[in-house]
Amino acid sequence: MKRIFIFLVVSVAIFSCNNNEASNTDSDKDSYEKTKESLRETEEKNPQNFLIISGDNKNNLVGQTVVKAIISNKASVAIYKDVDIQLDFYSKTGTLLETDKETVYEILNPGESKSFKTKYFAPKGTDSVALKILGAKIQ
Numbered sequence: 000m001k002r003i004f005i006f007l008v009v010s011v012a013i014f015s016c017n018n019n020e021a022s023n024t025d026s027d028k029d030s031y032e033k034t035k036e037s038l039r040e041t042e043e044k045n046p047q048n049f050l051i052i053s054g055d056n057k058n059n060l061v062g063q064t065v066v067k068a069i070i071s072n073k074a075s076v077a078i079y080k081d082v083d084i085q086l087d088f089y090s091k092t093g094t095l096l097e098t099d100k101e102t103v104y105e106i107l108n109p110g111e112s113k114s115f116k117t118k119y120f121a122p123k124g125t126d127s128v129a130l131k132i133l134g135a136k137i138q
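Residues 0 to 138, numbered by numbering that gives the first Met the number 0, are exactly what the sequence shown covers, in order.
Incorrect hints may have been included.
Stated by the list, open to error - Simulated restraints on C-beta separations:
#1 Leu95 x Asp25: 52 to 60 Å
#2 Gly110 x Lys67: 17 to 25 Å
#3 Gly62 x Ser30: 55 to 63 Å
#4 Gln85 x Asn59: 16 to 24 Å
Claimed, not checked - In silico lysine to any residue, SDA-like type, Cα no more than 20 Å apart, as pairs:
#5 Lys35 x Ile78
#6 Lys73 x Asn45
#7 Lys44 x Lys57
#8 Lys116 x Ile52
#9 Lys80 x Ile132
#10 Lys80 x Lys136
#11 Lys80 x Ser53
#12 Lys100 x Ala68
#13 Lys33 x Val76
#14 Lys91 x Pro109
#15 Lys123 x Asp87
#16 Lys113 x Lys136
#17 Lys35 x Ile137
#18 Lys35 x Pro109
#19 Lys73 x Thr94
#20 Lys44 x Lys131
#21 Lys136 x Pro109
#22 Lys100 x Gly110
#23 Lys116 x Ala68
#24 Lys118 x Asn45
#25 Lys44 x Lys28
#26 Lys73 x Lys118
#27 Lys136 x Gly110
#28 Lys100 x Lys35
#29 Lys73 x Glu111
#30 Lys57 x Ala68
#31 Lys67 x Lys35
#32 Lys33 x Asn45
#33 Lys136 x Val65
Everything labelled a hint here was simulated from the structure, so no lab data went into it. Virtual Cβ for every residue (Gly too), placed ideally from N, Cα, C.
Hey, can you work out the whole structure from these sequences and the hints?
Now the structure itself:
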């Protein structure tokens, strides 16, 4: 009789411990999903904070300014597409000569980088081109 009683007590203790682990795992999963959704919302509201652009320019034989750049997605969750960029053309003295806008039609997954190239007949006296991310659409 004592053996049966001890067996029942041990069985109840083991099964009750198992249920706590399952509920802890569920709450950890829920917490992770909430954090992930919060992060996604932040990244989707401010794509310019998570997209980085770098590039350079040169002149070709026809007299066009060729701009080559790389756009990188530093977001953890958000997927961006159709990135809007601004190109500012400056003189040797730093005077802004012209501003143009362009859309790069690419899909950027988290951690991914894409390169692009564009050509402009830049204003006379252009020495450098500055690139800036204006925004992007969410995939």
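Hint check:
1. Restraint check, Leu95 to Asp25: a C-beta distance of roughly 56 Å satisfies the suggested window 52 to 60 Å.
2. Checked against the given bound of 17 to 25 Å, the beta carbons of Gly110 and Lys67, roughly 21 Å apart, stay inside it.
3. Checked against the given bound of 55 to 63 Å, the beta carbons of Gly62 and Ser30, roughly 59 Å apart, stay inside it.
4. One distance hint, 16 to 24 Å for the beta-carbon pair Gln85 and Asn59, holds here, with the actual separation near 22 Å.
5. For the suggested pair Lys35 and Ile78, the alpha carbons sit about 14 Å apart, so the restraint of at most 20 Å is met.
6. For the hint pairing Lys73 with Asn45, the CA-to-CA distance comes to about 12 Å; that is within 20 Å, so the pair holds.
7. The straight-line distance between the Cα atoms of Lys44 and Lys57 is roughly 34 Å, outside the 20 Å bound, and the hint therefore fails.
8. With a C-alpha separation of about 12 Å, the suggested pairing of Lys116 with Ile52 holds against the 20 Å cut-off.
9. As the CA atoms of Lys80 and Ile132 are separated by approximately 12 Å, the hinted pair is consistent with the 20 Å bound.
10. Taking the CA atoms of Lys80 and Lys136, the gap is near 5 Å; set against the 20 Å cutoff, the hint holds.
11. About 17 Å separates the Cα atoms of Lys80 and Ser53, which keeps this hinted pair within 20 Å; it holds.
12. Of the pairs offered as hints, the one joining Lys100 and Ala68 holds, with about 14 Å between alpha carbons and a cut-off of 20 Å not exceeded.
13. For the given pair, Lys33 sits about 13 Å from Val76 by alpha-carbon distance, which is consistent with the 20 Å threshold.
14. Distance restraint check for Lys91 and Pro109: the Cα-Cα separation of roughly 37 Å exceeds the 20 Å cut-off, and the hinted pair is therefore not satisfied.
15. For the hint pairing Lys123 with Asp87, the CA-to-CA distance comes to about 14 Å; that is within 20 Å, so the pair holds.
16. For the proposed pair Lys113 and Lys136, the alpha carbon gap of about 16 Å is at most 20 Å, so the pair holds.
17. Only pairs whose Cα atoms come within 20 Å are accepted, and Lys35 paired with Ile137 is accepted, the gap being roughly 16 Å.
18. For the hint linking Lys35 to Pro109, the alpha-carbon distance of about 13 Å falls within 20 Å, and the restraint holds.
19. Straight-line distance between C-alpha atoms of Lys73 and Thr94 comes to about 31 Å, which puts the hinted pair past the 20 Å bound.
20. For the proposed pair Lys44 and Lys131, the alpha carbon gap of about 17 Å is at most 20 Å, so the pair holds.
21. Proposed proximity of Lys136 and Pro109 is supported: the alpha carbons are some 14 Å apart, at most 20 Å.
22. As the CA atoms of Lys100 and Gly110 are separated by approximately 24 Å, the hinted pair breaks the 20 Å bound.
23. Under the criterion of a C-alpha separation no larger than 20 Å, the hint pairing Lys116 with Ala68 is consistent with the structure, at around 6 Å.
24. Proposed proximity of Lys118 and Asn45 is contradicted: the alpha carbons are some 28 Å apart, above 20 Å.
25. Distance restraint check for Lys44 and Lys28: the Cα-Cα separation of roughly 24 Å exceeds the 20 Å cut-off, and the hinted pair is therefore not satisfied.
26. A threshold of 20 Å between alpha carbons decides the hint, and for Lys73 with Lys118 the separation of about 26 Å lies outside it, so the pair is violated.
27. As the CA atoms of Lys136 and Gly110 are separated by approximately 17 Å, the hinted pair is consistent with the 20 Å bound.
28. Distance restraint check for Lys100 and Lys35: the Cα-Cα separation of roughly 33 Å exceeds the 20 Å cut-off, and the hinted pair is therefore not satisfied.
29. Between Lys73 and Glu111, the direct Cα distance comes to roughly 8 Å. Compliance with the 20 Å bound is thereby established for this hinted pair.
30. For the suggested pair Lys57 and Ala68, the alpha carbons sit about 12 Å apart, so the restraint of at most 20 Å is met.
31. With a C-alpha separation of about 34 Å, the suggested pairing of Lys67 with Lys35 is violated against the 20 Å cut-off.
32. This hinted pair checks out: Lys33 and Asn45 have alpha carbons roughly 19 Å apart, not beyond 20 Å.
33. Distance restraint check for Lys136 and Val65: the Cα-Cα separation of roughly 26 Å exceeds the 20 Å cut-off, and the hinted pair is therefore not satisfied.
Taken one by one, the earlier hints fail for this structure at numbers 7, 14, 19, 22, 24, 25, 26, 28, 31 and 33, listed in ascending order.
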